[in-house]
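Full structure from sequences and hints, please.
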Amino acid sequence: MNPLGKAILQFCRSTIGRKLIVALTGVLLVLFLLGHVAGNLLVFQGREAMNDYAQFLHTMLHGQGVWIARIGLLIAVGLHIWATVSLVKDNRAARTERYALPATVQASKSSRIMIWSGLTILAFVVFHILHFTVRIDPALANLPDAAYAAAHPGESRHDVYAMVIKGFQNPLVSLFYIVAITLLCSHLSHGIASLFQTLGWRSRKSAALEKQLGWAIAIALWIGFLSIPAAVLTGALKDKPSVSGQKAAIPSDPAAPAPRQG
Amino acid sequence: MNLTLKVWRQKNATDHGRIETYEARSIPAEASFLEMLDIVNERLIEGGGEPIHFDHDCREGICGMCSLTINGVPHSKERGITTCQVHMRKFRDGDTIWIEPFRARAFPVVRDLVVDRTAFDRIVAAGGFISVRTGSAQDANALPVPKDDADASFAAAACIGCGACVAACKNASAMLFVGAKAAHLNLLPQGKPEQDKRVLAMVRQMDAEGFGGCTNQYECEAVCPKEISADVIAKLNRDYTAAAVKEAVC
Ligand code: HEM
Ligand code: FES
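Quick mapping for you: the protein sequence lines, in order, are chains H and Z. Under my numbering, the letters of the first sequence match residues 1 to 262, in that order. Under my numbering, the letters of the second sequence match residues 1 to 250, in that order.
Calculated directly from the structure, the hints in this document are not laboratory data. Any given hint could turn out to be false.
[Stated by the list, open to error] In silico DSSO-like links for lysine-lysine, alpha-carbon gap of 30 Å or less:
id, chain 1, residue 1, chain 2, residue 2
1, H, Lys211, Z, Lys147
2, Z, Lys77, H, Lys109
3, H, Lys6, Z, Lys192
4, Z, Lys226, H, Lys211
5, Z, Lys77, H, Lys205
6, H, Lys109, H, Lys205
7, Z, Lys90, H, Lys109
[As the list claims (entries may be wrong)] So the derived label-pair ranges between C-beta atoms look like this:
id, chain 1, residue 1, chain 2, residue 2, range
8, Z, Arg122, H, Gly78, 31 to 37 Å
9, Z, Lys246, H, Gly65, 35 to 41 Å
10, Z, Ala208, H, Thr59, 50 to 56 Å
11, H, His62, Z, Val245, 35 to 41 Å
12, Z, Glu20, H, Leu31, 51 to 57 Å
Where is the CB? At the ideal position from N, CA and C, for every residue including glycine.
Below you can see the structure in the form of structure tokens.
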């Protein structure tokens with residue numbers, strides 16, 4: 001093999017190299033989550049804003065943008081899982097004989113369950129894609145956006161707004177979502193601070209700040225993602241039928257909390 | 001004071017080993033931890049038994065020879081000291097104390113509480129040195145070294161190579177040791193020219209010895225008798241990556 005290939009391969013096999021892959025893919029995934037939560041919160045702006053956003057995602061770069069993002073995320077997740085699983089295996093093999101009386105001095109609980117929080121997130125992501133992207137449940141698959149069709153004769157689009165609300169009205173779906181997002185918050189409460197160390201950007205001076213940043217992002221994501229099932233389950237967010245022929249999401253019941261107009 | 005000891009006993013490297021219980025009666029509180037073991041051993045020998053084998057040398061916290069995981073924590077839960085600096089007054093009468101060897105696949109047990117730490121020597125032999133003689137102590141300021149670098153190098157050089165970092169890490173990772181050994185040379189002008197070669201060789205030897213990777217939990221930093229900061233691990237990550245990139249493209 002050529003020397004360049006050999007050097008790259010050797011780096012990717014080393015413990016430090018694999019850990020760097022975990023950190024770099026972790027950064028990409030965190031950035032994706034920040035974008036994803038911001039987009040999701042448009043649900044509070046009403047049907048039109050949510051569905052416009054979904055339509056934008058599917059039509060940007062002539063419809064290729066969404067595929068570029070999907071393939072990029074798939075590669076990032078794949079590398080993250082390969083590197084972490086192989087590191088966890090090696091790390092366990094390095095300590096075959098355990099202590100009869102184990103003790104932990106300062107490692108946080110979150111840092112000690114990274115593989116379990118990670119695998120729960122993985123299970124959730126698979127479910128989430130089948131649920132909202134592939135839409136295996138026909139009740140969520142056939143939801144045309146009536147207001148849009150009326151305003152744009154001859155065109156149609158999926159009513160993502162209605163799908164999200166219907167989806168979360170199932171308490172089991174919401175429960176899984178809450179558990180997974182809580183474990184994601186745990187994963188990131190360690191992961192974000194940790195990636196600074198892996199990238200070589202942590203020192204005694206910066207450590208506290210990086211830890212706070214990790215917690216801040218983890219909690220912001222937790223609140224952002226969970227506000228949606230919480231609003232649906234408490235009834236604050238309802239799928240009100242839009243009046244066809246007019247702009248969508250005009251509140252028909254003045255007593256209900258009015259969704260803000262987008 | 002009277003204590004109950006739960007001690008790891010293992011005849012040799014191939015023996016399975018087990019925890020055995022000893023009653024240590026009327027131990028003076030002013031005894032050091034190792035003196036307490038000496039007393040227990042004298043009594044064991046008088047009774048015709050095998051003494052408990054453990055490593056020690058200077059007994060003043062400078063050589064790095066003593067080991068022992070005491071109640072699950074290498075060198076005990078007292079911060080910034082070695083096992084030989086632990087005193088019995090830190091325990092209470094009637095306590096049960098668990099005494100186990102430093103655990104790591106790369107540190108095989110030789111006998112009882114004695115482990116083979118020559119993996120560390122092989123890592124140092126791979127690159128933890130400067131190839132040429134750099135002369136005696138320089139005249140002050142003949143070779144300018146920024147104060148911050150000198151301090152950081154000195155702090156890293158405090159490592160006595162005891163292996164507590166490995167024993168505390170749930171992955172038995174040697175990153176704090178390797179980081180300290182690499183940093184103390186890499187930070188100084190005498191060590192700079194060989195930095196890349198050194199870091200690549202030491203990290204590769206570390207992986208080959210079967211130490212685990214770092215998961216950034218800093219258990220190592222918490223037990224290090226010389227309180228070496230995990231900053232040296234961040235630096236090792238940085239230096240190794242830079243060296244690997246240079247190796248790949250230059
Ligand atoms: C949205 C999804 C995910 C995000 C944002 C994420 C983020 C991160 C981050 C930032 C780190 C810290 C990197 C470092 O310490 O340098 C990390 C570590 C880790 N991740 Fe994930 N992760 C995700 C999914 C997963 C999945 C699906 C797994 C399943 C195997 C996983 C397993 C792990 C493990 C085991 C570690 C610790 C690695 C170590 O310390 O050696 N993660 N993750
Ligand atoms: S015996 Fe020398 S450091 Fe403990």
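Verification of the supplied hints:
Proximity of Lys211 of chain H to Lys147 of chain Z is assessed by CA-CA distance (about 28 Å); at most 30 Å being required, the pair is judged to hold. Taken as a hint, the Lys77 of chain Z and Lys109 of chain H pair is honoured in the structure, with Cα atoms around 19 Å apart against an allowance of 30 Å. Restraint check for Lys6 of chain H and Lys192 of chain Z: the C-alpha separation of about 25 Å stays at or below 30 Å, so the hint holds. A threshold of 30 Å between alpha carbons decides the hint, and for Lys226 of chain Z with Lys211 of chain H the separation of about 24 Å falls inside it, so the pair holds.
Of the supplied pair hints, the one linking Lys77 of chain Z and Lys205 of chain H holds, its CA atoms being roughly 25 Å apart against a limit of 30 Å. Note on Lys109 of chain H and Lys205 of chain H: the hinted pairing holds, with a Cα-Cα distance of about 24 Å set against a maximum of 30 Å. Between Lys90 of chain Z and Lys109 of chain H the alpha-carbon distance is near 28 Å, which keeps this suggested pair within the 30 Å criterion. A beta carbon spacing of about 35 Å between Arg122 of chain Z and Gly78 of chain H agrees with the range 31 to 37 Å that was offered as a hint.
Checked against the hint of 35 to 41 Å, the C-beta distance between Lys246 of chain Z and Gly65 of chain H comes to roughly 36 Å, which is consistent with it. Checked against the hint of 50 to 56 Å, the C-beta distance between Ala208 of chain Z and Thr59 of chain H comes to roughly 52 Å, which is consistent with it. A hinted range of 35 to 41 Å holds for the C-beta pair His62 of chain H and Val245 of chain Z, which are about 36 Å apart. The supplied range of 51 to 57 Å is met by Glu20 of chain Z and Leu31 of chain H, whose beta-carbon atoms lie about 55 Å from each other.
Taken one by one, the earlier hints all hold for this structure without exception.
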